[in-house]
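Sequence order for the protein chains is A and B. If you use numbering that gives the first Met the number 0, the first sequence closes out at 344, no skipped numbers anywhere. If you use numbering that gives the first Met the number 0, the second sequence closes out at 262, no skipped numbers anywhere.
Just so you know, these hints were derived from the structure itself, not from any lab. Since this is a predicted model, take the numbers as computed values, not measurements. Some hints could be false.
Here are the computed lysine to aspartate or glutamate pairs in the DMTMM-like style, where the Cα-Cα straight-line distance is at most 20 Å [claimed, not checked]:
1. A:Lys-154 with A:Glu-172
2. A:Lys-104 with A:Asp-84
3. A:Lys-154 with A:Glu-183
4. B:Lys-78 with A:Glu-55
5. A:Lys-154 with A:Asp-67
6. B:Lys-78 with A:Glu-54
7. A:Lys-178 with A:Glu-117
8. A:Lys-104 with B:Glu-165
9. B:Lys-78 with A:Glu-183
10. B:Lys-209 with B:Asp-224
11. B:Lys-78 with B:Glu-30
12. A:Lys-154 with A:Glu-117
13. A:Lys-262 with A:Asp-334
14. A:Lys-154 with B:Asp-224
15. A:Lys-262 with A:Glu-210
Example chain B residues on the side facing chain A (calculated, C-beta under 8 Å, incomplete) [to be verified]:
16. Ala-118
17. Glu-122
18. Leu-126
19. Ala-154
20. Leu-156
21. Glu-157
22. Pro-160
23. Ala-168
24. Met-176
25. Arg-180
26. Val-181
Positions of the beta carbon are idealized from the N, C-alpha and C atoms, including for glycine.
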Amino acid sequence: MTATAISLRGLSKHYDQVRAVDELDLDIADGEFFSMLGPSGSGKTTVLRLIAGFEEPTAGTIVLGEDDVTRRPPFARDVNTVFQDYAIFPHMSVLENVEYGLRVKKVGRAERRTRAEEALATVRLESYAARRPHQLSGGQRQRVALARALVNRPKVLLLDEPLGALDLKLRREMQIELKEIQREVGITFVFVTHDQEEALTMSDRVAVFNEGRIEQLATPVELYERPASAFVAGFVGTSNLFRGEAARELVGAEGAFVIRPEKVRLDAEAPADTSGLCVAPGVVREVVYLGSTTSTVVALDAGPTVTVSHPNTDTSIDAALERRDQRVVLTWRRDHLVSLEEETA
Amino acid sequence: MLWLGVAYLGALAALLITSLWMQNDFTGNIERVWTTENFQTLFTVDVYRTITLRTIGIAALVTLIDAVIAFPIALYMAKVASPRAQRLLVIAVLMPLWASYLVKAYAWRGMFSSNGPIAWVVEPFGLHSPGYGLFATTVTLAYLWLPYMILPVFAGLERVPDSLFEASADLGAGSWMTLRRVVLPMAFPAFVAGSIFTFSLTMGDYIAVKIVGGTTQMLGNVVYDNQGAANNLPFAAAVATIPIVVMLGYLAAARRTGALEQL
Numbered sequence: 000m001t002a003t004a005i006s007l008r009g010l011s012k013h014y015d016q017v018r019a020v021d022e023l024d025l026d027i028a029d030g031e032f033f034s035m036l037g038p039s040g041s042g043k044t045t046v047l048r049l050i051a052g053f054e055e056p057t058a059g060t061i062v063l064g065e066d067d068v069t070r071r072p073p074f075a076r077d078v079n080t081v082f083q084d085y086a087i088f089p090h091m092s093v094l095e096n097v098e099y100g101l102r103v104k105k106v107g108r109a110e111r112r113t114r115a116e117e118a119l120a121t122v123r124l125e126s127y128a129a130r131r132p133h134q135l136s137g138g139q140r141q142r143v144a145l146a147r148a149l150v151n152r153p154k155v156l157l158l159d160e161p162l163g164a165l166d167l168k169l170r171r172e173m174q175i176e177l178k179e180i181q182r183e184v185g186i187t188f189v190f191v192t193h194d195q196e197e198a199l200t201m202s203d204r205v206a207v208f209n210e211g212r213i214e215q216l217a218t219p220v221e222l223y224e225r226p227a228s229a230f231v232a233g234f235v236g237t238s239n240l241f242r243g244e245a246a247r248e249l250v251g252a253e254g255a256f257v258i259r260p261e262k263v264r265l266d267a268e269a270p271a272d273t274s275g276l277c278v279a280p281g282v283v284r285e286v287v288y289l290g291s292t293t294s295t296v297v298a299l300d301a302g303p304t305v306t307v308s309h310p311n312t313d314t315s316i317d318a319a320l321e322r323r324d325q326r327v328v329l330t331w332r333r334d335h336l337v338s339l340e341e342e343t344a
Numbered sequence: 000m001l002w003l004g005v006a007y008l009g010a011l012a013a014l015l016i017t018s019l020w021m022q023n024d025f026t027g028n029i030e031r032v033w034t035t036e037n038f039q040t041l042f043t044v045d046v047y048r049t050i051t052l053r054t055i056g057i058a059a060l061v062t063l064i065d066a067v068i069a070f071p072i073a074l075y076m077a078k079v080a081s082p083r084a085q086r087l088l089v090i091a092v093l094m095p096l097w098a099s100y101l102v103k104a105y106a107w108r109g110m111f112s113s114n115g116p117i118a119w120v121v122e123p124f125g126l127h128s129p130g131y132g133l134f135a136t137t138v139t140l141a142y143l144w145l146p147y148m149i150l151p152v153f154a155g156l157e158r159v160p161d162s163l164f165e166a167s168a169d170l171g172a173g174s175w176m177t178l179r180r181v182v183l184p185m186a187f188p189a190f191v192a193g194s195i196f197t198f199s200l201t202m203g204d205y206i207a208v209k210i211v212g213g214t215t216q217m218l219g220n221v222v223y224d225n226q227g228a229a230n231n232l233p234f235a236a237a238v239a240t241i242p243i244v245v246m247l248g249y250l251a252a253a254r255r256t257g258a259l260e261q262l
């Protein structure tokens with residue numbers, strides 16, 4: 000087991016009546032790329048701000064490495080933050096921005112310069128040192144913010160939805176690049192996002208937040224293949240949920256079950272051998288062409304509506320569209336069903 | 000817009016033309032003869048140089064005092080006060096502007112009088128009121144123009160996103176360092192914007208100095224006395240060009256800091 004970078008114990012933050020963070024226990028390992036995923040208002044950003052020291056917890060402790068930093072101000076914590084709006088100092092050049100952390104810590108001029116240039120090289124902005132922030136694009140500013148934080152070689156780097164303001168193509172590129180940079184510098188990254196794809200792409204582990212608590216803490220694969228709750232199944236990727244009467248009829252068991260859209264087969268007739276399969280007839284309601292895949296929405300005779308997703312490997316979209324309003328049979332393997340442990344409320 | 004330009008620039012042009020005329024020493028009538036005599040007098044007679052330097056000095060001092068007092072107030076209003084307290088403070092800062100200038104100047108005359116509140120406070124320490132003069136003029140002017148400094152600095156600080164304060168702390172800077180390296184440099188254009196008011200209003204003032212200045216003279220007095228008592232409009236106009244030239248120089252310098260975009 001590797002050393003622990005951050006350890007949160009019983010961490011709570013209440014605003015009047017709202018429990019933004021509710022008795023959180025969490026350990027993040029050294030060198031990990033850790034994501035906190037959740038809808039807005041789920042408490043993920045508050046946790047980040049508590050770790051950075053911008054907010055004081057109502058209860059609980061924050062341990063950074065060996066140090067209890069719970070009551071320390073932000074400038075006395077060995078963490079740095081990449082802000083959602085980047086928070087680049089507009090009155091300083093790119094180089095001065097990157098040097099800032101070293102300058103206030105009284106690092107000598109020559110070392111400061113060398114380290115700032117290294118950090119700019121890491122984010123591939125060497126040639127932009129003399130630029131002013133207003134001369135940069137959003138993506139470049141984001142890199143400056145990253146370099147400004149990395150130059151201090153913090154124990155932990157906190158990233159607050161840093162890719163949120165970028166367009167999709169740039170965001171995809173930055174996801175891969177961030178992961179590469181993290182591997183290169185070996186610093187623990189704590190990444191806050193509401194984008195499940197982003198979290199799945201980059202992270203070693205993901206914590207899914209809901210209403211101030213962690214719903215599930217797992218690797219991306221586990222999170223997708225074995226969601227622990229209906230909330231996680233719904234938030235991470237698309238999923239089809241059966242519970243109650245529908246579960247009894249389709250699965251033949253009590254409880255709540257999830258099947259991912261890409262695990263469902265769609266045929267005109269039921270296959271001859273149905274051992275180990277669930278079979279569900281229904282009517283096609285909608286066909287949505289998504290370029291690389293086609294999504295088909297089927298209303299099952301048993302009640303629920305199911306989304307089925309298939310790669311467009313050899314089907315033509317015209318054929319798929321003709322299926323609208325036709326009767327079909329859906330089949331999926333019983334072992335692909337995920338059983339949810341649901342509270343018996 | 001054009002009308003504004005004609006009316007405004009026309010008056011300025013008339014001023015410049017008048018300053019190039021002269022007054023007949025015997026009759027006191029104005030003679031429309033082109034001459035630079037007025038400016039020669041201004042540059043050669045020592046007393047005018049002294050008054051000019053004194054006026055610029057007072058204007059600079061008033062600006063400095065206002066900047067020092069305005070900064071903590073503006074910072075508190077912009078970044079610390081609750082929205083409700085912020086509204087109340089903005090009203091409190093604006094309120095003195097609703098009161099008559101004369102009333103406020105006379106209030107300070109009362110403050111500085113030999114048996115006024117200041118005398119009353121310092122008496123137990125064996126001191127007297129500083130009385131009317133340079134000091135009282137500076138204090139009164141600094142009081143009168145303070146809102147014109149607070150408001151632009153407040154607006155300037157309000158535009159600084161909170162995340163910049165957090166980023167500075169996050170990168171290891173204490174409050175003092177953040178103030179020095181982030182807040183002050185970012186507020187600087189706003190200070191310059193405010194100083195345009197405090198500086199120019201002081202340069203042109205003649206009433207406050209009449210009321211609390213004792214025998215102290217400023218450029219404004221000289222203009223007033225020459226066109227009033229002495230009826231020497233050409234010389235008054237020549238004196239009036241001094242603050243105009245000084246302010247043009249000041250505005251040109253202010254423009255370079257980006258302060259004019261802050262107004």
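Exercise. Against chain A, with CB atoms and a cut of 8 Å, does the hint on B:Glu-157 hold up?
Worked result: violated, 15 Å
* If you take the shortest Cβ to Cβ gap from B:Ala-118 to chain A, is it below 8 Å? -> Violated, because the Cβ-Cβ distance from B:Ala-118 to chain A comes to roughly 46 Å (cut-off 8 Å).
* Restraint satisfaction for B:Met-176 [CB to CB of chain A, less than 8 Å] -> Status holds, d = 5 Å.
A:Lys-154 paired with A:Glu-117 [C-alpha distance capped at 20 Å] = holds, 18 Å
*asked:* Holds or violated: B:Lys-78 and B:Glu-30, Cα atoms, limit 20 Å.
replied: It is violated: about 60 Å lies between the C-alpha atoms, which goes past 20 Å.
Pairwise hint evaluation, A:Glu-172 against A:Lys-154, where the allowed Cα distance is 20 Å at most: violated, 25 Å
For the pair supplied as a hint, B:Lys-78 and A:Glu-55, is the alpha-carbon distance within the 20 Å limit? Holds, at about 18 Å.
Query raised in the report: Should the hint that B:Pro-160 touches chain A count as held when the rule is a Cβ pair under 8 Å?
Result: holds, 7 Å
request  = Please work out if A:Lys-154 and A:Asp-67 have their alpha carbons no farther apart than 20 Å.
outcome  = Given pair A:Lys-154, A:Asp-67 holds - Cα atoms ~14 Å apart, limit 20 Å.
- Query: Would the pair A:Lys-154 and B:Asp-224 pass a check requiring their Cα atoms to be no farther apart than 20 Å?
  - Reply: violated, 72 Å
| said: Check whether the Cα positions of A:Lys-262 and A:Asp-334 lie no farther apart than 20 Å. | reply: Roughly 10 Å between the alpha carbons, so the hint for A:Lys-262 and A:Asp-334 holds.
Given the hinted pair B:Lys-78 and A:Glu-183, is their alpha-carbon gap at most 20 Å?
violated, 39 Å
Hints 1, 2, 9, 11, 14, 15, 16, 17, 18, 19, 20 and 21, counting from the list given before, are not met by this structure.
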